[in-house]
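2 protein chains.
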Amino acid sequence: MINRHVIIGGSAAGPKIASKIRRLDQKADIVIIQKSKSLSMASCGYPYYVGGVFDDPKMLIATPTGVPRNPDFFFKAKGITAYVETEAIAIDREKKLVRIKDLKSGKEQEIPYDKLAITTGANPIKPPIEGIDLEGINTLHSLEDAIELRDMIKDDGTKKKAVVVGGGLIGIETCEALQLAGIENTVVEMLDQVLPFLDWDMAKLVENHIKSKGVEVLTSDGVKKFHGKEGKIVSVELQSGRIIECDMAVVSIGVKPRKKLAEDSGITIGSKGGIQVNRFMQTSDPDVYSAGDCVEVTNLITHEKQLWPMGDAANLQGRVAAQNMVYGNIQEYEGFIGTGICKVFDFTAGSTGLSVKMANREGYENFIKITHAAADKPGFMGAKPIIMKLLADKTTGKFLGLQAVGTGDVAKRLTTAAMALHGRMCIAHLVNLDLPYAPPFSPAIDNFITAIHVLENKWRHYMDGISAVELKEKLDKGEKPFILDARGKDEYEADRLGIGETLIPLGVLRTNLDKLPADKNTEIITYCKISLRGYEAASFIMSEGYQNVKVLEGGIAAWPYPHA
Amino acid sequence: MINRHVIIGGSAAGPKIASKIRRLDQKADIVIIQKSKSLSMASCGYPYYVGGVFDDPKMLIATPTGVPRNPDFFFKAKGITAYVETEAIAIDREKKLVRIKDLKSGKEQEIPYDKLAITTGANPIKPPIEGIDLEGINTLHSLEDAIELRDMIKDDGTKKKAVVVGGGLIGIETCEALQLAGIENTVVEMLDQVLPFLDWDMAKLVENHIKSKGVEVLTSDGVKKFHGKEGKIVSVELQSGRIIECDMAVVSIGVKPRKKLAEDSGITIGSKGGIQVNRFMQTSDPDVYSAGDCVEVTNLITHEKQLWPMGDAANLQGRVAAQNMVYGNIQEYEGFIGTGICKVFDFTAGSTGLSVKMANREGYENFIKITHAAADKPGFMGAKPIIMKLLADKTTGKFLGLQAVGTGDVAKRLTTAAMALHGRMCIAHLVNLDLPYAPPFSPAIDNFITAIHVLENKWRHYMDGISAVELKEKLDKGEKPFILDARGKDEYEADRLGIGETLIPLGVLRTNLDKLPADKNTEIITYCKISLRGYEAASFIMSEGYQNVKVLEGGIAAWPYPHA
Chain A
152 MINRHVIIGG
162 SAAGPKIASK
172 IRRLDQKADI
182 VIIQKSKSLS
192 MASCGYPYYV
202 GGVFDDPKML
212 IATPTGVPRN
222 PDFFFKAKGI
232 TAYVETEAIA
242 IDREKKLVRI
252 KDLKSGKEQE
262 IPYDKLAITT
272 GANPIKPPIE
282 GIDLEGINTL
292 HSLEDAIELR
302 DMIKDDGTKK
312 KAVVVGGGLI
322 GIETCEALQL
332 AGIENTVVEM
342 LDQVLPFLDW
352 DMAKLVENHI
362 KSKGVEVLTS
372 DGVKKFHGKE
382 GKIVSVELQS
392 GRIIECDMAV
402 VSIGVKPRKK
412 LAEDSGITIG
422 SKGGIQVNRF
432 MQTSDPDVYS
442 AGDCVEVTNL
452 ITHEKQLWPM
462 GDAANLQGRV
472 AAQNMVYGNI
482 QEYEGFIGTG
492 ICKVFDFTAG
502 STGLSVKMAN
512 REGYENFIKI
522 THAAADKPGF
532 MGAKPIIMKL
542 LADKTTGKFL
552 GLQAVGTGDV
562 AKRLTTAAMA
572 LHGRMCIAHL
582 VNLDLPYAPP
592 FSPAIDNFIT
602 AIHVLENKWR
612 HYMDGISAVE
622 LKEKLDKGEK
632 PFILDARGKD
642 EYEADRLGIG
652 ETLIPLGVLR
662 TNLDKLPADK
672 NTEIITYCKI
682 SLRGYEAASF
692 IMSEGYQNVK
702 VLEGGIAAWP
712 YPHA
Chain B
152 MINRHVIIGG
162 SAAGPKIASK
172 IRRLDQKADI
182 VIIQKSKSLS
192 MASCGYPYYV
202 GGVFDDPKML
212 IATPTGVPRN
222 PDFFFKAKGI
232 TAYVETEAIA
242 IDREKKLVRI
252 KDLKSGKEQE
262 IPYDKLAITT
272 GANPIKPPIE
282 GIDLEGINTL
292 HSLEDAIELR
302 DMIKDDGTKK
312 KAVVVGGGLI
322 GIETCEALQL
332 AGIENTVVEM
342 LDQVLPFLDW
352 DMAKLVENHI
362 KSKGVEVLTS
372 DGVKKFHGKE
382 GKIVSVELQS
392 GRIIECDMAV
402 VSIGVKPRKK
412 LAEDSGITIG
422 SKGGIQVNRF
432 MQTSDPDVYS
442 AGDCVEVTNL
452 ITHEKQLWPM
462 GDAANLQGRV
472 AAQNMVYGNI
482 QEYEGFIGTG
492 ICKVFDFTAG
502 STGLSVKMAN
512 REGYENFIKI
522 THAAADKPGF
532 MGAKPIIMKL
542 LADKTTGKFL
552 GLQAVGTGDV
562 AKRLTTAAMA
572 LHGRMCIAHL
582 VNLDLPYAPP
592 FSPAIDNFIT
602 AIHVLENKWR
612 HYMDGISAVE
622 LKEKLDKGEK
632 PFILDARGKD
642 EYEADRLGIG
652 ETLIPLGVLR
662 TNLDKLPADK
672 NTEIITYCKI
682 SLRGYEAASF
692 IMSEGYQNVK
702 VLEGGIAAWP
712 YPHA
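In order, the protein sequence lines correspond to chains A and B.
Take 152 as the starting number for the first sequence in this note's numbering and just add one per residue.
Take 152 as the starting number for the second sequence in this note's numbering and just add one per residue.
One should not assume that every hint holds.
When chains are identical, the list treats them as one kind, so a pair holds in a single copy or across two.
Stated by the list, open to error - Pairs of lysine-lysine residues, derived as DSSO-like cross-links and limited to a Cα-Cα distance of at most 27 angstroms, are as follows:
#1 Lys701 - Lys178
#2 Lys535 - Lys362
#3 Lys188 - Lys528
#4 Lys227 - Lys528
#5 Lys528 - Lys364
#6 Lys528 - Lys209
#7 Lys671 - Lys227
#8 Lys227 - Lys701
#9 Lys508 - Lys258
#10 Lys209 - Lys640
#11 Lys609 - Lys227
#12 Lys178 - Lys609
#13 Lys255 - Lys411
Since the hints were derived computationally from the structure, they do not count as laboratory data.
With the hints as extra help, turn the sequences into a complete structure.
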């Protein structure tokens, strides 16, 4: 018996399903229906094409050996029929037919299926703002968008200016791409921070870095209107009243599942607006599977269904769906843990598991957290800083999440944390990890392990910590803790916080006890560059009978506010 | 009550113990006894100092802010007394006294302890070879060794030549350092491969890379005699008879625990020759703890006690010992999983958990393995190859180990695998990992996950694989399988294996069935550059009724033998 598999959608999950089915069943009929002209696009690569990391957009649809993944390639190399510029307009689930329309000729036909996969992806959200359809406004969602945007920013001797609407992952990658291509640009974000998967303090460190590269970042502001002239954008009017003149705008405020086809055919849609699937990536119709940006999947930390429109998840889900379409439900996609990363200039920023913001939103109350800063290698190997924020369950020590930003190798530490979450590991498992150490790769105790040590120190009450945000709130309320900078005099003179601190270098603290407040109940807050010396100072001061001593977590490295 | 902690040994574990005790107990008396002149040396950094990655040897003993960790620093910043150039010569465990000797004055004294830590480290193994004490033979074990070696290779206008005896981790790091410093060098290794933590085939890929940089590598050969002139080395005579003229030799054939002091005092030594400790890092004497290169610890994969002289382990063990010395046995060091990494020219090579060699040695019989090659990023982001070899239990799918080599980001993939081992994860847990994906960091499906997919494909019998070594054995025995290269003609013309293969590009395979052998029982072996097209070709050929089709695992990228 020859099986006929029809796959609606040819961007990421779709081609993965088709290719995997072919490897498992050489006799199957496999058909991909793709609305756009291109197949199997590496859409996460669009910002890098726009930014000039590479020049040939064909690389976005090519195999590792440079063969374009077009219908001819799919047919010859894989025996897969791909219809491009063809839209699936209806599914008759009873008769197991898909009605498709050739978008060039307008011709329609019905094709039969045994198993169907819906991998229709997501649409960029286009807010109903006046002027949104002006020429020069791009969503960087399709390959055509990427080519158009790169064409717009081409150097023609004039100085150009762009507005990026939305400070999320794609917005931030786009702002970097534009800046690298020589386009002056402003990022406008409605929330009070960029990169909403990070807590405010971590996002602020990224924002400071972006601004240091000459990009203007406006948070807590939105677009009121796009102004045009002869149908082309000329400026963006913000809700704050400010008008920014520009030659182009990129709108990247998120995506929403393309679910209409599934919904119209009576397939169940979940509460978050995506196609509902079970752990076998099977929809409410047992003969219909779905994967990619159009589905809802389980967050393995919160156990909630969620939209998770990520390229890696789409591919993994596609591999699972394909096996189940061929063999019956033999493989599970359990879900995701919420790992995201982006490069922005010299920084990498990412998160896995819970942030404090997410923990609060999801009702977690019993957790401890720590902010930690350290170099990612020994000093003699060219160390670069990473600032981390970690969460764990206060009672069990179960690890809950990591955020990390900085110029060091953040990706490896996020990977470590992601694996700790997948392995449901606790502080007790993580304090003595045997990770690959040699000086070119990490300090003798890796940053992630050190961060876990500091978290454990707080958990075991070896120290008490205070975050930058908490200290700032105290100061803003007019409280006057005794603040001790434990660094050296030269460091202090080169750069200091200017929050009323007293400099007592750690090396002379033991002989300068008289500089501490006489009242042993005074709140004392200690720090240094990364708060290791701050921790040692706090331990010493506590042993002198002071009752209320805290370490400023992450020290100056994690301080998101301006310095003196 | 004031506690007095004495720590014998001041290199890695010792200073960690002292510093951690201070943070936990500000009133304790803490004394470090250190035989050498330096304290707290980053000994893993010696090859990088020798190779000129940095020029100031003080960086090897400095804090991140550049303060040298000398006795003055330990006293002022931490209130720790450190005696350097002082040897502990006897322990009276009954009276709780350590007899120490000032190596400059020769003066001896006894000092009391409440808790004692023995962190005496390891000695480099110096084989009893004639001439081993000649001037110019260095073991690169102490800071003084590193300074001496760098001095020896200083550019004085003459062309110098070195022999590196031992092709392990330090030997290979040293050969790179010497080569980068402009010293022609030959590595001599008794075994039939360098880097003994790798399987032969993986090590051979590294060896090929080292040779491509102009280093001569001689395996299966040893040193018979060092020849000297006026007390200085002039040549090395090998067991094969060859004589290599040289100006210096670096001998790095391993280390052995410095256990005499402990042994003489009646503390139990384990079966592997290291000080025996329980999971609290406590020796057979409850008041004596030990950590670092001198102890035996548990391999968490094999559950055997083992020597594991690694800088990261020493630091972690020290942190555990310190807490237990202060608070009683509150924290465990469970053991290590066997993670090692080294950089060698453009390559990174490492291993975690079991190699096939180790698995065989340890009696594992029920495992599956796979060799896998892939790029570490999308092609448009500057992909670099990584070759991996993975093991898992054949029945349960429990992950057992990874070896990885190549110019790509190997450290991150080893970290992923190390965490999978720490989390006791199985193939079913690893197929859908949510790792940090964005194009600057990895392909949409990370290399490690893809490797797990291939391992699963083999496990689920979607494909049958054959390793390069297994195929080579077949060919050497005179077997004549039909070997199919599924790459493009241009790739084939640029580089080919020359093992009797037939070129049938995947894209034309479906229309060239007549080129396959007529007998459907003929053994067919397929490959391409990394054997993804090889896998697709094999799937297709099997569907045509061929009964014995295998994929050459890792393809050309993992082929350790010469090409045509």
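Do the hints match the structure? See the list:
1. Proximity of Lys701 and Lys178 under a CA criterion of 27 angstroms is satisfied inter-copy only: 19 angstroms between copies versus 68 angstroms inside one chain copy.
2. In the homo-oligomer, the alpha carbons of Lys535 and Lys362 lie at most 27 angstroms apart inside one protomer (19 angstroms), although the nearest pairing across protomers, at 32 angstroms, exceeds that limit.
3. Taking the shortest Cα distances, Lys188 and Lys528 sit within 27 angstroms of each other only across copies (25 angstroms), while inside one copy they are farther apart (46 angstroms).
4. For a Cα distance limit of 27 angstroms, the shortest separation of Lys227 from Lys528 across copies, 26 angstroms, qualifies, whereas the shortest one inside one copy, 48 angstroms, does not.
5. For a Cα distance limit of 27 angstroms, the shortest separation of Lys528 from Lys364 qualifies both inside one copy, at 25 angstroms, and across copies, at 26 angstroms.
6. Taking identical chains as interchangeable, the C-alpha atoms of Lys528 and Lys209 lie at most 27 angstroms apart only when they sit on different chains, with a minimum of 17 angstroms there against 38 angstroms within one chain.
7. In this assembly of identical chains, Lys671 and Lys227 lie within 27 angstroms of each other by CA distance solely across copies; the values are 23 angstroms between and 80 angstroms within a copy.
8. When the C-alpha separation of Lys227 and Lys701 is checked against a cutoff of 27 angstroms, the pair qualifies only between copies, where the shortest distance is 22 angstroms, while the shortest distance within a copy is 67 angstroms.
9. In this assembly of identical chains, the alpha carbons of Lys508 and Lys258 never lie at most 27 angstroms apart, being 51 angstroms within a copy and 62 angstroms across copies at closest.
10. Proximity of Lys209 to Lys640 under the C-alpha cut-off of 27 angstroms is restricted to the inter-copy arrangement: shortest distance 21 angstroms between copies versus 56 angstroms within a copy.
11. With identical chains, the CA atoms of Lys609 and Lys227 are at most 27 angstroms apart between copies only, with a shortest distance of 25 angstroms across copies and 61 angstroms within one.
12. In this assembly of identical chains, the alpha carbons of Lys178 and Lys609 lie at most 27 angstroms apart only when taken from different copies (20 angstroms versus 60 angstroms within one copy).
13. Proximity of Lys255 and Lys411 under a CA criterion of 27 angstroms is satisfied intra-copy only: 22 angstroms inside one chain copy versus 85 angstroms between copies.
Comparing the model with each earlier hint shows a violation of hint 9 alone; every other hint is respected.
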